[in-house]
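Can you build the whole structure from these sequences, using the hints too?
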Amino acid sequence: MSASLVIFFLLAALAVMAAISLIAQRHPIHSALSLIVVMVALAGLYLLMGAEFVAAVQIIVYGGAIMVLFIFVIMLLNAEAEERTNFSKLATYAGIPLALAIAGFIAAAIARSSGSLPAAEPSGALTSTKTLSMLLFSDFVYPFELTSFLILVAILGAIVLAQREN
Amino acid sequence: MSDFLTKYAFLIVPILKVVILVFIVLTVDAYLTWLERKVIAHIQARWGPHRVGPHGLLQPLADGVKFIFKEDPLPANVDKVAYFLAPFIALMLALTSLAVIPFGPQKFTIFGYETHVGIADVNISLLVLFAITALGVYGVALAGWASNNKYSLLGGLRSSAQMISYELTLTLSVVGVLLLAGDFSLRGIVEHQSAGKGVLSWYVFPQIIGFLCFYIAAIAETNRVPFDLPEAESELVAGFHTEYASMKFAMFFIAEYTSMITVSCLATILFFGGWLSPFPDSWTFTHYLPSALLIPFGLWVVFDGIRYENLFGRIMLPGVGSALAVIGFALIVFPTLNAIIQGPFWFLAKVFTFLFVYIWMRGTLPRFRYDQLMSFGWKFLLPVSIANVVLTSVVILWRMH
Chain A
0 MSASLVIFFL LAALAVMAAI SLIAQRHPIH SALSLIVVMV ALAGLYLLMG AEFVAAVQII
60 VYGGAIMVLF IFVIMLLNAE AEERTNFSKL ATYAGIPLAL AIAGFIAAAI ARSSGSLPAA
120 EPSGALTSTK TLSMLLFSDF VYPFELTSFL ILVAILGAIV LAQREN
Chain B
0 MSDFLTKYAF LIVPILKVVI LVFIVLTVDA YLTWLERKVI AHIQARWGPH RVGPHGLLQP
60 LADGVKFIFK EDPLPANVDK VAYFLAPFIA LMLALTSLAV IPFGPQKFTI FGYETHVGIA
120 DVNISLLVLF AITALGVYGV ALAGWASNNK YSLLGGLRSS AQMISYELTL TLSVVGVLLL
180 AGDFSLRGIV EHQSAGKGVL SWYVFPQIIG FLCFYIAAIA ETNRVPFDLP EAESELVAGF
240 HTEYASMKFA MFFIAEYTSM ITVSCLATIL FFGGWLSPFP DSWTFTHYLP SALLIPFGLW
300 VVFDGIRYEN LFGRIMLPGV GSALAVIGFA LIVFPTLNAI IQGPFWFLAK VFTFLFVYIW
360 MRGTLPRFRY DQLMSFGWKF LLPVSIANVV LTSVVILWRM H
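Protein sequence lines, in the order shown, are assigned to chains A and B.
First residue of the first sequence? That's 0 in numbering that gives the first Met the number 0, and the numbers climb one at a time after it.
First residue of the second sequence? That's 0 in numbering that gives the first Met the number 0, and the numbers climb one at a time after it.
Just so you know, these hints were derived from the structure itself, not from any lab.
For clarity, every value in this text was computed on a predicted model and none was experimentally measured.
Where is the CB? At the ideal position from N, CA and C, for every residue including glycine.
Fair warning: there could be bad hints in the mix.
[As the list claims (entries may be wrong)] Footprint (simulated), chain A over chain B, 3 or more residues, beta carbon under 8 Å:
no.: 1; stretch: 66 to 77
no.: 2; stretch: 118 to 130
no.: 3; stretch: 156 to 162
Rendered as structure tokens:
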């Protein structure tokens with residue numbers, strides 16, 4: 000077993016365990032902390048595939064900016080530990096079979112294509128920052144501009160909502 | 000044995016470098032507190048620490064012993080996980096961020112393994128540094144929240160809001176340098192500034208606006224005066240670390256000083272040419288500058304030491320002074336050694352200057368009010384740094400055509 004495979008399994012196990020902990024924790028801050036661990040583990044996986052820029056941006060944007068806002072809001076609202084209620088009937092009778100079905104579908108899809116499923120190439124050249132920005136501003140310029148436009152609209156919407164009272 | 004060393008050199012050498020760097024950084028942190036207390040004391044016409052050892056030089060050791068042996072009470076109803084995790088997060092991230100800083104130009108080979116002065120040399124080191132800084136806010140925010148104390152919580156909230164606001168400026172102010180250098184690697188950015196003209200090819204001149212924005216934002220990011228609102232003692236007791244004592248408090252303290260060092264290193268690398276000498280390459284006589292500083296300083300310490308008031312000082316100070324002078328003479332006698340230390344000498348000199356400015360500001364400037372801090376960050380600093388990015392891009396485009 001090569002070193003990168005060992006690191007892959009360590010990071011993947013960390014991500015899965017943190018994701019389970021995210022759901023199982025009862026306090027919102029602990030859930031948010033678990034989510035940060037998931038983000039950092041994912042960044043490690045990107046790094047393993049040679050996508051260094053994406054890995055760094057993953058931590059800066061998700062681990063840094065977005066999760067800090069999550070924690071900030073949770074702290075500001077002083078959210079307490081969640082209270083357990085009795086499970087709703089819908090969750091018991093529809094949720095468990097649906098979850099099993101989705102798990103089954105994914106397992107079947109992976110099992111069927113495992114022979115032909117190509118592993119992602121660890122290609123440093125393809126994902127270097129320069130190549131990425133070249134692609135972003137030439138081949139994918141329309142999706143890129145549309146996304147920025149969408150974000151601008153969302154920012155304006157947030158300002159309008161915040162200013163409504165005045 | 001040597002086979003083993005050669006085979007696992009890729010593992011052993013980085014671990015050795017990490018141990019050495021952490022040791023050096025912790026020592027520098029300790030003496031930075033001494034320097035800070037001394038300098039502020041002299042700004043305020045006091046003496047500062049002078050009881051423990053000659054000129055208070057052993058004060059950091061006494062502080063360390065005190066930190067270890069102080070009682071460490073656990074406040075009631077704290078969130079235990081977050082309470083214990085917070086100082087570790089703060090310290091770990093602060094120390095980790097130093098891993099990507101290059102301290103000198105040389106490559107050297109140990110056990111057949113080629114390596115740099117600095118721990119990791121990655122080609123996106125600037126982004127890695129920003130990623131670690133982005134995570135740094137959790138230490139302070141969690142400490143404030145977990146302490147179950149309203150002053151701590153307010154400190155934590157202030158700190159998160161402040162760090163989110165100033166991180167934008169911090170990142171944007173560096174874009175100008177990135178556009179000029181076309182490289183994310185800190186080593187690459189320094190090498191782009193070495194045009195042989197010395198100080199004139201540093202990025203601080205084309206990027207003076209970027210540098211000012213960067214330095215202001217960096218002070219806010221490290222929670223230092225005049226932006227130390229998260230621990231404003233007149234309003235919040237001690238802010239986010241009110242409920243922390245003993246070693247856990249020391250960890251926050253070390254984290255703060257380490258991030259000061261990191262930010263000073265970053266300012267040196269991005270805007271002041273890193274390890275490059277400020278003089279043109281042809282001025283070889285400036286290579287004797289380290290000796291020219293060390294020998295008179297060492298002799299002055301000897302001269303000061305022999306008149307010191309107690310016996311311990313009369314032995315210790317001349318010892319230290321003559322050691323410094325001997326190092327200075329050794330650099331003249333061995334030119335190879337002198338060539339090796341040129342890079343680290345300039346790097347450390349610049350970093351020290353920035354650290355001194357930090358302390359100087361603490362002794363000079365009053366604290367911002369909280370709303371002033373926010374409106375300054377969002378309404379002045381951020382637009383200016385965006386304008387700097389636009390201006391730099393336009394100039395680069397104009398030069399290309």
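Whether chain A covers the stretch 118 to 130 of chain B (at least 3 residues having a Cβ closer than 8 Å to its Cβ atoms): It holds, with 7 qualifying residues against the three required.
Outcome, coverage hint (the stretch 156 to 162 of chain B, chain A; C-beta under 8 Å; three residues): holds (count 4)
Assertion that chain A covers the stretch 66 to 77 of chain B - criterion: three or more residues, beta-carbon distance below 8 Å: violated (count 0)
When held up to the earlier numbered hints, the structure conflicts with hint 1 and nothing else.
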